[in-house]
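Protein chains: 2
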Amino acid sequence: MSISPNKYRTHSCGALRLDDNGADVALAGWVDSVRSHGEGLVFLDLRDRDGITQIVFDAEDSGKEIVERADKLRGEDVIGVTGYVRKRDGGSNPKLDTGEIEVVIRTLDVLNVAQDIPFKPTDKESLPNEENRLRYRYVDLRRPRMQEILRTRARVCQIMRRYLSEVGFTEVETPVLFKTTPEGARDFLVPSRHQPGSFYALPQSPQILKQILMVSGMERYFQIVKCFRDEDLRADRQPEFTQLDIEMSFIEQKDVLETITGLFKEIWKEILNVDIGDVPHMSYHEAMDRFGSDRPDTRFGLELVDVSDIAGSTDFKVFTGAIEKGGVVKAMRVPGGAGKLTRKMTDAYAEFVKQFGAGGLPVTKLEGGEFVSGVAKFIQDVRPALVDKLGLEEGDLIAFGADTYNVVSRSLGELRLKIARDMDMIPAWGEKWNFLWVVDFPMVEWDDEQNRWNSLHHPFTAPKPEDVSKMESDTANVRSDAYDFVLNGSELGGGSIRIHDANIQKTVFKLLGLSDEEAETKFGFLMGAFRHGAPPHGGIAMGVDRVIMHLCDTDNIRDVIAFPKTAIGSDLMADAPSPVDAEQLAEVYVASTAPAED
Amino acid sequence: MSISPNKYRTHSCGALRLDDNGADVALAGWVDSVRSHGEGLVFLDLRDRDGITQIVFDAEDSGKEIVERADKLRGEDVIGVTGYVRKRDGGSNPKLDTGEIEVVIRTLDVLNVAQDIPFKPTDKESLPNEENRLRYRYVDLRRPRMQEILRTRARVCQIMRRYLSEVGFTEVETPVLFKTTPEGARDFLVPSRHQPGSFYALPQSPQILKQILMVSGMERYFQIVKCFRDEDLRADRQPEFTQLDIEMSFIEQKDVLETITGLFKEIWKEILNVDIGDVPHMSYHEAMDRFGSDRPDTRFGLELVDVSDIAGSTDFKVFTGAIEKGGVVKAMRVPGGAGKLTRKMTDAYAEFVKQFGAGGLPVTKLEGGEFVSGVAKFIQDVRPALVDKLGLEEGDLIAFGADTYNVVSRSLGELRLKIARDMDMIPAWGEKWNFLWVVDFPMVEWDDEQNRWNSLHHPFTAPKPEDVSKMESDTANVRSDAYDFVLNGSELGGGSIRIHDANIQKTVFKLLGLSDEEAETKFGFLMGAFRHGAPPHGGIAMGVDRVIMHLCDTDNIRDVIAFPKTAIGSDLMADAPSPVDAEQLAEVYVASTAPAED
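Line by line, the protein sequences give chains A and B. Position 494 of the first sequence, counting from 1, maps to 494 under the working numbering, and the rest follow consecutively. Position 551 of the second sequence, counting from 1, maps to 551 under the working numbering, and the rest follow consecutively.
Be aware that one or more of the hints could be misleading.
Because identical chains share one entry, a pair is satisfied inside a single copy or across any pair of copies.
[Said to hold, decoys possible] Here are the simulated lysine-lysine pairs, BS3-like style, with alpha carbons at most 30 Å apart:
{"#": "1", "residue 1": "Lys522", "residue 2": "Lys226"}
{"#": "2", "residue 1": "Lys64", "residue 2": "Lys120"}
{"#": "3", "residue 1": "Lys344", "residue 2": "Lys72"}
{"#": "4", "residue 1": "Lys377", "residue 2": "Lys354"}
{"#": "5", "residue 1": "Lys87", "residue 2": "Lys344"}
{"#": "6", "residue 1": "Lys340", "residue 2": "Lys506"}
Hint data in this document are derived by calculation from the structure and do not stem from the laboratory. From a predicted model like this one, the values you see are computed outputs, not experimental measurements.
Given only the sequences and the hints, what does the whole structure look like? Please build it.
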């Protein structure tokens with residue numbers, strides 16, 4: 001860190017080396033630890049964001065009075081010192097960059113005394129409970145790991161901005177006080193004081209505004225922007241999150257994919273020194289067929305294989321029944337699963353898949369060249385065919401799904417992830433970076449409950465040009481120019497090419513059961529903008545928080561946000577949200593209808 | 001602009017040159033203008049964000065059918081074309097970068113027809129009224145000037161981020177859904193659905209959070225961040241605005257000033273190729289004495305001069321009365337004002353200064369070596385002394401203020417600006433960049449109405465170390481380590497070194513009449529954080545919108561914001577804010593109390 005010398009310090013606590021031997025220096029920072037050796041000798045680790053320097057108080061150099069004051073210092077006190085650098089007496093400390101020197105202190109200025117420190121921020125052994133970490137966030141953020149994460153986050157955002165600016169994108173700020181947008185989640189509302197009875201909504205995303213910017217001729221827009229969704233309680237969600245938002249004009253799908261791929265190559269190279277190479281594309285159907293998921297984790301096997309043809313030739317009612325109803329039978333080979341997965345575990349898996357609609361989980365094992373246990377007797381006859389199709393080997397466990405395509409995919413897809421975790425098949429952080437573009441999503445999916453088609457993405461997503469002709473005749477098989485960017489089984493972002501042709505838009509609205517009037521009401525000013533000369537355009541939105549989680553090896557979204565909120569949206573440090581005077585509410589023309597507290 | 005060729009275009013509309021003669025190209029963009037020459041010949045200016053290219057449809061090359069379709073095109077239609085480049089027949093157009101060539105069209109794809117265009121975005125002659133510009137913002141933003149402003153804004157933010165990152169700052173995102181902060185303006189409130197009866201507040205600035213980040217050990221924080229103030233109607237304010245927010249630890253005032261000065265040198269150099277040189281410092285008192293303002297416009301003279309000693313020796317009651325009451329008499333010399341400022345104008349000035357508390361405006365003129373008109377007869381005797389002190393010359397007008405120091409400063413300070421505008425003394429944009437640090441603000445000012453001291457900045461602003469001893473004995477003269485950054489008379493930002501010493505903080509709270517309990521209630525969690533080891537720290541906040549206004553030569557804040565709001569906070573394009581269903585309100589436990597509309 002570059003610091004310009006001032007009255008507090010000449011160097012940071014990470015800067016001094018043997019070359020500085022003899023130099024007069026000033027340092028400032030937090031007391032990391034104090035070791036009193038008695039006999040007028042105190043060693044102290046002084047910490048700032050740059051590192052730790054050992055400083056020494058002794059009666060001879062520092063004077064008795066200073067040693068006595070040093071002896072009273074406690075962890076997290078803030079001090080400023082002056083002294084001189086000397087080579088360490090008792091050998092160097094290789095764990096510290098400054099480990100070859102120490103600073104002998106001549107003056108001590110106690111800048112602030114710390115009281116009631118709830119936990120030691122540099123204790124590597126034990127992490128405080130999360131409630132304490134959030135309540136005393138200012139202590140928690142002193143932990144070197146948290147500092148490192150926040151710095152990485154800033155660097156990644158800088159890379160995003162630099163890269164995109166270099167390839168012709170302009171960052172444009174869009175409003176926070178805006179209007180309900182049709183994203184599906186609940187809006188946060190803000191009452192207006194100047195317009196009684198009216199409310200702003202915080203944007204769930206700048207989706208409509210970035211499309212407006214394309215109509216405005218910006219051509220290449222991006223923004224790193226806060227988005228707001230008032231969702232139901234989920235531990236891994238935050239009511240406000242950060243998105244890298246992108247939109248481009250006069251482009252095709254490939255242009256968006258190339259832009260994002262190039263950007264992520266740059267990020268991974270610069271942050272982790274990793275070459276991620278080319279990013280493969282996989283169609284939605286292939287992803288569902290092979291992995292039972294539209295965001296497949298391709299770092300390990302356990303792929304799903306359709307064995308309907310073989311299963312159909314058995315007498316096993318579970319299999320034949322499913323096929324007769326138009327469903328499928330799929331199998332997953334678990335190498336070595338025969339030995340490693342106990343009966344108790346496979347019973348638990350059978351329960352597990354039920355939450356995804358499966359009736360149960362037929363399993364068997366290949367041991368001594370035979371199917372053994374589970375559904376062995378029903379399928380022994382087709383063993384050779386299954387061995388051949390699945391590439392089975394001695395000691396494998398085989399799990400089956402027999403139901404509709406969707407139920408089988410979902411349940412075996414989830415089971416696949418669970419087994420991989422249980423059998424330790426998921427590579428450690430940093431070993432594999434399996435980036436993947438999932439493309440060719442269906443444009444719509446059938447909603448059984450509401451008995452109508454729903455957009456898989458949003459109603460402005462363009463059908464693939466070659467599929468436009470079958471929009472009405474073969475709706476289910478119309479693919480869209482939508483795409484998701486997936487890393488190690490987690491969705492980093494997604495987007496689509498938007499419809500710019502009014503006739504195609506009309507057809508899509510009709511398919512979705514939206515009348516022209518409803519479309520106008522719901523998407524009003526965007527529809528208006530489209531009538532004033534809209535270019536072909538498309539874009540993508542990436543979850544910044546999630547990207548940082550991957551880069552910093554954490555599953556906890558609260559680790560990558562300086563001041564995160566709890567699952568119920570509380571800021572424990574600031575005690576927000578909090579009650580407000582009735583008068584303050586009256587000024588914005590609302591009243592609380594919350595039930596009185598007991 | 002770098003574009004990668006796709007089905008829509010091989011080049012942008014600003015790219016082609018004579019070197020490309022004969023090349024096959026594809027272009028796309030908006031129809032800027034169409035000129036039908038009859039006889040199967042149509043010229044069209046095609047526009048994208050990069051420029052304009054003339055394209056030609058003729059029966060021979062394009063075919064009759066295409067020429068007929070081209071003839072029907074209207075301004076702002078979106079088209080894609082292919083054709084070949086040729087040297088212009090009738091000589092080049094030096095106004096266009098592409099002026100030496102034209103593109104002869106072989107295929108035409110009408111991508112979108114524009115309807116009901118409210119105004120032509122490239123009409124340089126007349127600007128539409130602002131309501132229309134805001135309502136049809138997507139058309140207004142197509143204007144090259146608006147595109148240029150938004151691009152400049154993005155570049156400036158990039159420079160800020162790059163520069164600050166290079167000198168060790170980390171950008172940290174702070175929450176938007178937060179808590180009331182004691183900034184003085186009204187908060188925007190957001191009701192919580194998960195915590196009935198509780199509300200978030202949108203931050204008026206991240207002031208407290210950036211101080212918390214210093215307690216967290218971040219040392220050098222910045223953020224380009226949206227701030228929210230629910231202020232009363234003023235045309236030049238926006239309810240949400242953008243701030244460059246900075247905070248540093250273990251620093252003195254000079255460190256903040258050097259950082260910002262260095263940053264603005266970089267911005268002005270990179271955007272305007274202007275060297276702003278060193279930025280002078282001026283004390284608050286000097287600024288008030290000489291310019292009657294704490295953000296003096298130093299680009300022209302009209303300085304205020306204290307003539308109390310001379311005025312006190314006259315018999316003019318207005319002067320002697322003011323001095324007897326402890327006030328002052330100040331004079332402002334207006335070179336050439338005798339001829340240029342009519343009686344009608346000086347009468348209007350006398351009315352003008354009344355709004356700032358002045359009783360009137362004594363004026364006179366120096367003509368034929370004598371004071372003439374106005375208050376001439378009262379001060380003729382002291383003419384030589386005034387001529388000497390003010391450096392008066394033949395033809396000057398002299399205006400006086402006689403009242404308390406504050407009233408005289410304020411009224412003559414404002415009059416100074418008005419006369420400078422009226423007499424065309426303010427240099428044109430780009431001629432002078434008078435940056436200035438105003439320093440040594442008083443820590444507190446006396447509030448006559450409330451009969452107590454108020455912070456000039458905020459209650460955490462540190463007194464100058466050398467003034468600490470007189471905090472209780474000579475409160476009015478205690479200066480603080482606060483500073484404002486001023487450009488050409490407009491405040492770009494301000495900040496201060498904060499108090500980190502608990503005893504000094506106690507004294508300040510006492511001076512301000514804040515009990516420990518009140519301080520705790522008002523600044524609760526920050527006070528708590530301060531007890532956990534706070535380093536010395538300070539910072540600054542700069543108004544990004546205002547910086548861009550200076551760089552882009554506009555007085556209209558709405559010109560530098562993509563989607564601005566009107567004075568009553570309306571987004572005319574999106575029709576926000578807007579009414580909300582009672583059910584949606586009930587979900588967040590509020591009800592509207594707005595009077596029913598007629």
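Here is how each hint holds up against the structure:
1. Lys522 / Lys226: Classified as both: same-chain Cα gap 23 Å, cross-chain 27 Å, threshold 30 Å.
2. Lys64 / Lys120: within (29 Å within a copy, 82 Å between copies)
3. Lys344 / Lys72: Neither, since 58 Å and 75 Å both go past 30 Å.
4. Lys377 / Lys354: Only inside one copy: Lys377 and Lys354 sit 23 Å apart there, 103 Å across copies, limit 30 Å.
5. Lys87 / Lys344: neither (62 Å within a copy, 81 Å between copies)
6. Lys340 / Lys506: neither (56 Å within a copy, 66 Å between copies)
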